[in-house]
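**Q** So you can see what is in the structure, the chains are spelled out below.
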Amino acid sequence: MKKTMGLIILILLIVIVSGCTPIFIKEDEPVILTSAESNSSQSNASEDSSVFIKNIDSQLTDGIVYDISKDGKTLLVGTQENTALDSTTETDENFSNLNIYSFETDQLTPVLTSKQNQFSGYIDDKNKGFYYLESAPGKDSNANNKLVWTDLNGDTTKNISLNEENVSAGYSMINDELLIYGNGKGEIKLVSASSKISDEDNITSTYLLDKSYNILKVDYIEKYQMAFFLCKNEETDLKDLYYVYLTKKNVQPVLVQRNAGDFDLSTENEALIYSAPGLKDDSQLISLDIVEKTRISLYKGYLGMFAFTNTEDQIIYSEKSDPSSSSQNLWIMDIAGNDAMQLASNLNITGDRLVFHPYNSVIYFTVYALNKDENTKALNYSVYMIDYNY
Amino acid sequence: MKFNFRTKFILANLIVVFITMIILAIFVIQGIMYYNFKTNQDQLIKMGSEAQVYITQEIKAAGSSASNSTIFTSRALTISEDLAKINNLRVLLFDTDGVMVADSANVDISDDIKYGKEIEIALGLEAGKSVAVYKRVDSVTSIYYAMPVFVDNEMVGVVSFIKSLEFTDAIVMQILLLFLGASIIGFITIFKFSSYLSGKILQPVRDLADSTKRLSEGSFSELLHYDVNDEIGDLTRNFNKMSHNINDKLNLIENEKQKFSSIIASINDGVIALDSDLKTFVSNSKASEILGLENGKINTETMEDIPELVDMIDFVFRERKDISKQFDYKGKQLYVFANLIMNKDTQLGILLVLRDITKIKELEDQQRLFISSVSHELRTPLTTIIGYTDLLLRRGTENKELVTKSLATINTEGKRLLRLVSDLLDLSKYANAQFQMIMADVDLNHLLEEVISQMKMKGSKFNLDIFYNRTELPLIKGDYDRLKQVFINILDNAIKYSNPGDIIKVIATQNEKHVEISIRDHGSGIPDDVKDRIFDPFYRVDEDRSRDMGGTGLGLAIVKDIVERHGGSITVESQINEGTMISIDLPVT
Numbered sequence: 017m018k019k020t021m022g023l024i025i026l027i028l029l030i031v032i033v034s035g036c037t038p039i040f041i042k043e044d045e046p047v048i049l050t051s052a053e054s055n056s057s058q059s060n061a062s063e064d065s066s067v068f069i070k071n072i073d074s075q076l077t078d079g080i081v082y083d084i085s086k087d088g089k090t091l092l093v094g095t096q097e098n099t100a101l102d103s104t105t106e107t108d109e110n111f112s113n114l115n116i117y118s119f120e121t122d123q124l125t126p127v128l129t130s131k132q133n134q135f136s137g138y139i140d141d142k143n144k145g146f147y148y149l150e151s152a153p154g155k156d157s158n159a160n161n162k163l164v165w166t167d168l169n170g171d172t173t174k175n176i177s178l179n180e181e182n183v184s185a186g187y188s189m190i191n192d193e194l195l196i197y198g199n200g201k202g203e204i205k206l207v208s209a210s211s212k213i214s215d216e217d218n219i220t221s222t223y224l225l226d227k228s229y230n231i232l233k234v235d236y237i238e239k240y241q242m243a244f245f246l247c248k249n250e251e252t253d254l255k256d257l258y259y260v261y262l263t264k265k266n267v268q269p270v271l272v273q274r275n276a277g278d279f280d281l282s283t284e285n286e287a288l289i290y291s292a293p294g295l296k297d298d299s300q301l302i303s304l305d306i307v308e309k310t311r312i313s314l315y316k317g318y319l320g321m322f323a324f325t326n327t328e329d330q331i332i333y334s335e336k337s338d339p340s341s342s343s344q345n346l347w348i349m350d351i352a353g354n355d356a357m358q359l360a361s362n363l364n365i366t367g368d369r370l371v372f373h374p375y376n377s378v379i380y381f382t383v384y385a386l387n388k389d390e391n392t393k394a395l396n397y398s399v400y401m402i403d404y405n406y
Numbered sequence: 030m031k032f033n034f035r036t037k038f039i040l041a042n043l044i045v046v047f048i049t050m051i052i053l054a055i056f057v058i059q060g061i062m063y064y065n066f067k068t069n070q071d072q073l074i075k076m077g078s079e080a081q082v083y084i085t086q087e088i089k090a091a092g093s094s095a096s097n098s099t100i101f102t103s104r105a106l107t108i109s110e111d112l113a114k115i116n117n118l119r120v121l122l123f124d125t126d127g128v129m130v131a132d133s134a135n136v137d138i139s140d141d142i143k144y145g146k147e148i149e150i151a152l153g154l155e156a157g158k159s160v161a162v163y164k165r166v167d168s169v170t171s172i173y174y175a176m177p178v179f180v181d182n183e184m185v186g187v188v189s190f191i192k193s194l195e196f197t198d199a200i201v202m203q204i205l206l207l208f209l210g211a212s213i214i215g216f217i218t219i220f221k222f223s224s225y226l227s228g229k230i231l232q233p234v235r236d237l238a239d240s241t242k243r244l245s246e247g248s249f250s251e252l253l254h255y256d257v258n259d260e261i262g263d264l265t266r267n268f269n270k271m272s273h274n275i276n277d278k279l280n281l282i283e284n285e286k287q288k289f290s291s292i293i294a295s296i297n298d299g300v301i302a303l304d305s306d307l308k309t310f311v312s313n314s315k316a317s318e319i320l321g322l323e324n325g326k327i328n329t330e331t332m333e334d335i336p337e338l339v340d341m342i343d344f345v346f347r348e349r350k351d352i353s354k355q356f357d358y359k360g361k362q363l364y365v366f367a368n369l370i371m372n373k374d375t376q377l378g379i380l381l382v383l384r385d386i387t388k389i390k391e392l393e394d395q396q397r398l399f400i401s402s403v404s405h406e407l408r409t410p411l412t413t414i415i416g417y418t419d420l421l422l423r424r425g426t427e428n429k430e431l432v433t434k435s436l437a438t439i440n441t442e443g444k445r446l447l448r449l450v451s452d453l454l455d456l457s458k459y460a461n462a463q464f465q466m467i468m469a470d471v472d473l474n475h476l477l478e479e480v481i482s483q484m485k486m487k488g489s490k491f492n493l494d495i496f497y498n499r500t501e502l503p504l505i506k507g508d509y510d511r512l513k514q515v516f517i518n519i520l521d522n523a524i525k526y527s528n529p530g531d532i533i534k535v536i537a538t539q540n541e542k543h544v545e546i547s548i549r550d551h552g553s554g555i556p557d558d559v560k561d562r563i564f565d566p567f568y569r570v571d572e573d574r575s576r577d578m579g580g581t582g583l584g585l586a587i588v589k590d591i592v593e594r595h596g597g598s599i600t601v602e603s604q605i606n607e608g609t610m611i612s613i614d615l616p617v618t
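Note that the protein sequences, when read in sequence, are chains A and B. Position in the first sequence (first residue = 1) + 16 = my numbering. Position in the second sequence (first residue = 1) + 29 = my numbering.
Hints listed in this document are in silico derivations from the structure and should not be mistaken for laboratory results. As the structure is a prediction and not an experimental result, all values here were calculated from the model. The beta carbon of each residue, even a glycine, is placed where N, CA and C say it ideally should be. Hints may contain errors.
[Unchecked claim] Every beta carbon over 10 Å from chain A, so not counted as near; a handful from chain B, in silico: (1) I115; (2) L118; (3) G127; (4) H273; (5) Q287; (6) F310; (7) F344; (8) T375; (9) S404; (10) D419; (11) L421; (12) R424; (13) Q483.
[Claimed, not checked] One-sided excerpt, in silico: chain B residues whose CB lies under 8 Å from chain A: (14) Q59; (15) M62; (16) F66; (17) Q70; (18) I74; (19) E79; (20) K89; (21) E147; (22) K164; (23) G247.
Let the sequences and hints guide you as you build the complete structure.
**A** See below:
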């Protein structure tokens, strides 16, 4: 009996001691791992045997990139300026002026030097100019955004929107001829590229929504006369996504998603991608078939910017693994959400949009860095270029 | 060391808790360690993939014409610091020769890390693969992760992460302490709870055990009270039923046994039952009495002392049929019946029934003697009567002397015959249990004086006198005529056997509860050996004398009968040639 008890105690001690020692983990034994063992469904570009990233320019030029010309030779870039203290100004304000960057000369040339804030520009290749929004510098919420057109030299300027209109920053150039914007009065306007502000008859159409939606971004698919817009929900202070058929003057929008982040439209695929809240504090990228009204979830995570590529057969998006981090990774995948490949890692991506080369697999986007001068709080923006092959 | 059930129950619970806690602890700890390791490993794989991209973009962004490896090496420190900042862990970069080119920790000598062959292994891996090693360095566990870096399909070096698992170790230690604390609390709780619960649960079992013990000791009226509908309740109810049944059965058996004992004891014959080993299992006191056993126990030795019984037992066992026999045993006449005791077809033993027929035999002898005596007494006068009548018939009646003598003899003998028949009738009458005496208060003095007066006349013929010493006597209950006959018969005998000139004395005295009447003669006396026989019917000490005196031989037999029917007794004292004294005790009313 004593021997049995002793044996039992010994076994128990061994069990107790061994319980603290990893049984299933082998110490000092190297284990070969593959990326497939990771839970991530995304893969790395370099895991593919073909050359993927052809070239990277981490600082193509200073500024925030807005658009690229159709010939791919110039970029529309906004640079940060600062109001100097003078007798007319009491405060030190930052504002942006638009510039043209030439790939050939590697020069950044201002177009319209102004103390107004110029931003959200689109190059008008047909008329050899560009559209942009102009507003007073500072964060005055009452300041109206004015939609303006100018030629590339800045010699000629046209007001596209009315003075009293507050044009949403998210207006879109549908094609060379057509432009769509929304304003704070709940109006959506389709504008001919050659219209003048003084000639109301030349504005293609004005569509009045049933409420005064505070439109933040709008886009349009001409085939179905269907507009999608993001507006601010005054109650929740979040953004809601709607679509509306612009077939008559007074139109009734249909809610697509509450608390949407952003959206992008593909006329080629007749699809809309938009971001929506995820189950936790993350978000998901959803693709909506415009015709069938069916949705599929393409990605779930901490989503940043996203857009269809120029060929509209891929989607590029940014995401971050750590929600508290400002660094983002850039990925590309097909429109079904498969074959995701990482393009860039840990970049401070910012700006209004991703800009795609008209015919090459090159993407331009804005990154920021903290100013090394501790006295200033300004961020340094630069244009990041990735030449890839997917 | 003996443990009772309750202790075993508590110990068992404690052991179960202990083993459960150990198993739980092992599962939890191992699970946490493994899960944490796998999670960290997966994270490292993901970090490695992102590091691959980051290094590629840094090299490409450098815009240098130098080789990728060169750019990698030149920018290694920046890259390692950036990666360390991004991933919040220590990053080391190695060139294609396995030489460390950057350490995000920025230490001069990296003594705190212990690389094995993982860098060498990593350098041999293809794109998309990596290597991880779990290590314990200075009691701190870590994962050493290494991955080859490829830029444009060209390996430029190895990136390595060192992920400390110190946090996991701390968690494990905390868990261990928690389990230890939980175990101690669990033990105490289980101990208290088990003690209480076992007490509650086992109380009815203890009661049951105590009751079964008392039941085994013979207390069949034990009943338990446990009104719960569970297994122990069922057991208790069944136990109570069993106890009832046993009690009833035992009562029944006891009753039957007592009945049987009473029946056996009531049988006036001796009953002995022997089993197949000739051991006595039933016997009654009558059997012991018949066999003359003082202590009343009949055993095998007792049987063996009686050869006739042994023969009978052998016969029965052998022949398997009953047998009965009479034999003499210690002065008694015994009639024994023996047979097998069968229970269906099973032989249980032998039954012996013993009957003491000594008195019956004596009675039969007495009857035979009596009949013989009666026959003889009747034949004698009848022979004389027939003889004389034959003589007269032959000789005729001419001889007057002969006729007179014959007739006188015939008359005398006839009268004697009549007296004999009359006495026989009296004897028969008194011996009849149904004969009723007329009991009344009797003045003995008056009776004795009457009798003496009557008998004096007879005595005077033989020159005998009767003297009565009258004293004060109480009244007694008796049949006057029968008592008169008693004293007549006794005095008659005294007259017969006294010599001429003798005085017969009659004395009556009172004792406490008796009156004693003694009749004393001075005759020839009665020999000692026949003294007790004088009360037997037809017995005469002197046959001739008695017959000559006209006696029938029944007088004292009648006397004894009457005296005994009065609840009294009669004794005789006698000496040869001295005389005889017959004393009668009669109870006072």
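**Q** Which numbered hints are broken by the structure, listed smallest first?
**A** When the structure is compared with the hints, numbers 1, 23 turn out to be violated.
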